[in-house]
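Asker: Given next are the chains, with one letter for each unit.
Number of protein chains: 2
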Amino acid sequence: MRSYLDIDTFSEWTNEEQNQFALSVTKGLIIDMVRKANSGHSGGPMSSADFSQILFTEYLNFDPSDPEWFNRDRFVLSAGHESALIYAILTQLGWLNIDDLQKFRQLNSRTPGHPEVEIPGVEATTGPLGQGFGMAVGMATAESMLRASVSELIDHFTYVVAGDGDFQEPVVLGAASMAGHWGLSKLIVFYDSNNAQISGKVDRSDSTNYAQVFEGFGWHVQEIDGHNHEEIREALEKAQVVDRPSLIIGKTIMAMGSATMEGDYETHGAPLPLDEIAKTKEKLGLPSEPFYLPNEVISHFQNRFNSLKEKVIDWNESVSESCKDKNFKLLWNNTVKEELDNIDLPVFERGASIATRKAFGTTLDEFAKQLPSLVGGSADLEPSNYTGNFASTYGDFSKDNRLGRNLAFGVREFPMAAAMNGIALHGGLIPFGGTFLVFADYERPALRLGAIQNCRVIHEFTHDSFWVGEDGPTHQPIEHAMALRAIPNLNVFRPADAQETTACFKMSIEQKSSPNALLLTRQGVKVLDQSMEKTIDGVSKGAYDVTNCDNPELILLATGSEVGLAMEVSQLMQDKKVRVVSMPCWEIYEKQPEDYKSLLIPKRGAMKVSIEAGITMGWDKYIGSNGLSIGLDHYGASAPGKDLAEEFGFTATKVEAKIREHLNKLL
Amino acid sequence: MRSYLDIDTFSEWTNEEQNQFALSVTKGLIIDMVRKANSGHSGGPMSSADFSQILFTEYLNFDPSDPEWFNRDRFVLSAGHESALIYAILTQLGWLNIDDLQKFRQLNSRTPGHPEVEIPGVEATTGPLGQGFGMAVGMATAESMLRASVSELIDHFTYVVAGDGDFQEPVVLGAASMAGHWGLSKLIVFYDSNNAQISGKVDRSDSTNYAQVFEGFGWHVQEIDGHNHEEIREALEKAQVVDRPSLIIGKTIMAMGSATMEGDYETHGAPLPLDEIAKTKEKLGLPSEPFYLPNEVISHFQNRFNSLKEKVIDWNESVSESCKDKNFKLLWNNTVKEELDNIDLPVFERGASIATRKAFGTTLDEFAKQLPSLVGGSADLEPSNYTGNFASTYGDFSKDNRLGRNLAFGVREFPMAAAMNGIALHGGLIPFGGTFLVFADYERPALRLGAIQNCRVIHEFTHDSFWVGEDGPTHQPIEHAMALRAIPNLNVFRPADAQETTACFKMSIEQKSSPNALLLTRQGVKVLDQSMEKTIDGVSKGAYDVTNCDNPELILLATGSEVGLAMEVSQLMQDKKVRVVSMPCWEIYEKQPEDYKSLLIPKRGAMKVSIEAGITMGWDKYIGSNGLSIGLDHYGASAPGKDLAEEFGFTATKVEAKIREHLNKLL
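Residue numbers (this note's numbering), protein chains in the order written: chain A, 1 to 667; chain B, 1 to 667.
Simulated from the structure, these hints should not be mistaken for lab results.
Take the hints with a grain of salt, since some may be wrong.
Intra- or inter-copy, both count: the list cannot distinguish identical chains.
Unchecked claim - List of simulated lysine-lysine pairs, DSSO-like, C-alpha gap at most 27 Å:
#1 Lys576 x Lys324
#2 Lys621 x Lys251
#3 Lys654 x Lys591
#4 Lys186 x Lys311
#5 Lys399 x Lys326
#6 Lys399 x Lys201
#7 Lys603 x Lys665
#8 Lys534 x Lys506
#9 Lys279 x Lys506
Next up, chain A with everything else stripped away, as it sits in the complex:
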């Protein structure tokens, strides 16, 4: 066993000795980070270290001088609590430094408790278990789609390190079934199977035969000793060539390399004790002072850099060469460089009754024609989501049709949303995914993680209120619009008509730093009698006056299908000056200048009434103390939508009566 005392002779060591010592240095950094922060996970990073170190030093393709190089292999640490491992590796790679490691888990550091995508070399924010795996499926999907539709110059692997907790989390199982169905052969997952969780041994809660399960999903599965470097290399090389996604189950030992705590699940979420650190460092041949990282080890880590850089240069030259073809260049810029041309918009007949879900379909078709980067599909609600035309025009992405742009997600909302985040993070494609609004709950963890990561994705949520009708309370969203607005940095659009739907879609594409949710009606709603220009301008402000009413006595604040209802109510109340404000997006409205807001929805003066077919919670902000919220604060019921509108008071006469009653009370 080599030790730091011999470091001067490092260049004379055998390669295996160098590797082992480098690995020990990585483990030392892990131990020191967690100890200094007095918080974090030691055991897992040490059990995953062998695989990760070999991957980064011998297999992973990347540009040492550009973490964003488009054709890099993606590496996703799905077991995000093992963050100390990736930070130790990225420090040897040169994208982080010892100072960063010393600030592990401190405010404003580049080494937060769980990996965050803003850090160079971190491909995805992980920590919520299972989702790293799900995002990696999206990345591998994006790679496969782009390789087929744009160029074989896009050709890289997506690697994942996942732990026991990931595999228990069902989103992994759903995402794995998609990956198997799509035959994502460039997806390689290392399962760090160390049989230890926060609560103890894994067999307390799990006896699944994951090899069998993943073979059932159509994966190639290998089981190896996760600490045996030769087995790791052989498994990786095999995984790279099989025609299916690959699972490498590495049997490992929690806290591998520690002096006396190997296999101890108490190391899962805690620093090693000080005396254990001292003994471990001695065992590993490390000095006792913390954060030991000699230049010899850095150089050893970086010994592939020249050849990696050459690969990048070659690749860039090939791209330049290909871009001499004008059509190729256009396609390349549209996708890889995410350049957007002006998009022609669909035209809708004013006054016609069009469900906004249908308008979404029309808009999708129009954008898809002009934007080759637009891909996606529905969670088995194709006819309901109006994505059927997209599917039949562009075909299903499948093992046999890599050119397909439609993703037939099946009834897998959460894996869909996680994969959408992965596609967006990969870059080059803009993903959309459709389901019923009520099932937004199923994908909520991914909606949040997309928002944290500023992923540009488009969630199509149709059937957006009790107007769903006969399907009943389990299918009628009541609280969902507001619950989605609760998620920071998620744009929640509830367009009033077909034109607003197009405008919301356009905004979703153009702004690149938020996920977008479009809440759409099942039922027909009248197209407002205004120009598309006015609509686009209004939507771009989040809320606007659709009545051109100055000095109103009464302001009706409405979204989606209730804007048309508010218009009807305003017709019934011509004895008052009524302004109807359509508020398709609260988040965007909140960003407008104060003077716009105070003019549109003045705090004093006119009485304000909110009308939305959902819970009233949250509306008080806009209606003030004297206002009125018309909504629905209980579950729906199974009946035709029109009957429910009567029952729940969402007809013009009933709304009018409520408003007049409230006005009388105020007098």
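We have chain A; now place chain B onto it with these hints.
Answerer: For chain B alone, kept in the frame of chain A given last:
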């Protein structure tokens, strides 16, 4: 083929002829229901009909005169969109009638679009795919636990009919891995594999080998022709005796029995066309008039009723006999009859600093001693959730230890929550389940379905704000308290201290018609200096004055850890009369009489400030137009909790400064 024209000779037909005709009658009812409603699903109910009819007429144990008989076999239609099937069957059983069927999917009918648990014979509200399966796992768990811990008199099967969409939904996979691990041998699932979904053939989105996957989860799997009655019977009988949960994959044909549309996925979510109905009825030997249900078929369906009733009588007698033993009777009443005695409460030292998650653990231990029906566990966060003592005291429920009361759920929040709903629906047990608050998102679909069904379950959500600290933004709930409050009929408790935690726990147990979520701190918070009696009284009103301040000038509305902060602020502002209101539960507060509410939080007069370490959305309702909301409207960060409190302004001096600034602005 027999027809309605021969019905007079029904008693002379062969048994197989009678069965086939009865099945045709069921299909006729299905077709007529969907056609009359002009909405709903025809194809799936027809493909699942063979299995379901055989199950109900030959195998299912129930009390014909009491749908709530405790030892009945449970039947869960996980494919809830096949509701027409269960309604047709329940009509023959006698718990619904033709009039109900004619009102299919109409307002206030007993035949809503998806099965609702309030309907006699419906064990669970289903429709959101996968969750019926998950709830059934909970029911089978409850049965197994009660059989071991109470009496072998509790001894029944749990049957499920699930479709392709269920199996794609990952919650099924997660719940199946739990059921396999626990060896729930009395759980029998029929997978109606008709290879047709809303969007077309299943192979567009799925190529999973479910037999292999479920074997990997430890299930017994059989594949049969789902229309072959002998194969169905053999498979059921085999499934009843194996020592593992059973999956029967029935290969079936969508719309089986229809004249020309067998296998057509367009029948999935639509009525059959009129001419197809006419031809189908002719083919099935049915008259053309709708809702044909002859008494002969009803009698045929009910021919086991006498023997079923005898079984029930025998069972009741055995129960009476056993209840002669006083201890047994007590246990029986505590569990099966859900009788509650007075529970001794734990005592906490006033002024001590105790994390409310720790107080939850102490409370759980105290209640568990006195309440044998309390079962549950953590989603692999046992030490963090403080359920470790419960686990070690009562042991893990497992194949080898049916007496275990701890459920080691693993990292499976959604299956956990679905199973908890199932345990509650089964009756006899009160389930709790713990995880981090931020992961409430993972189980949100089941939180909603629990609330719709009035399930008494206790969700323990610890680590309830940015005070989580180093784990960072992915682990810090910001919007979750408010997003949970958005769900109708979910009690969201955020106790201020250890005593309130106990009071909230007690309320969760005592009120039986809502799920409960307890939002708990990771960090220590001071026990308020007030009696447990005052605390219990206060919590029972949802919100109360912890300062005994009359005629306040300033009212601080706070929840959870911010109550202590508000107390500190009130100390800094002794120049004003400050009332601090602890609001542990909005939902309960809203139900209080107007005069209590207008006294505690008057609409006019005192300036009101809300203080909660989460989004401010929703608080305007209480603070009014001139109030102030102190919260956090963006994601957190990775750092020690105290550093974040400084950074985000959650210290007494910073809150005081904000309030004074706001007061100055108002002047």
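Asker: What are the numbers of the hints the structure violates, in ascending order?
Answerer: Hints 1, 2, 5 and 9 contradicted; others consistent.
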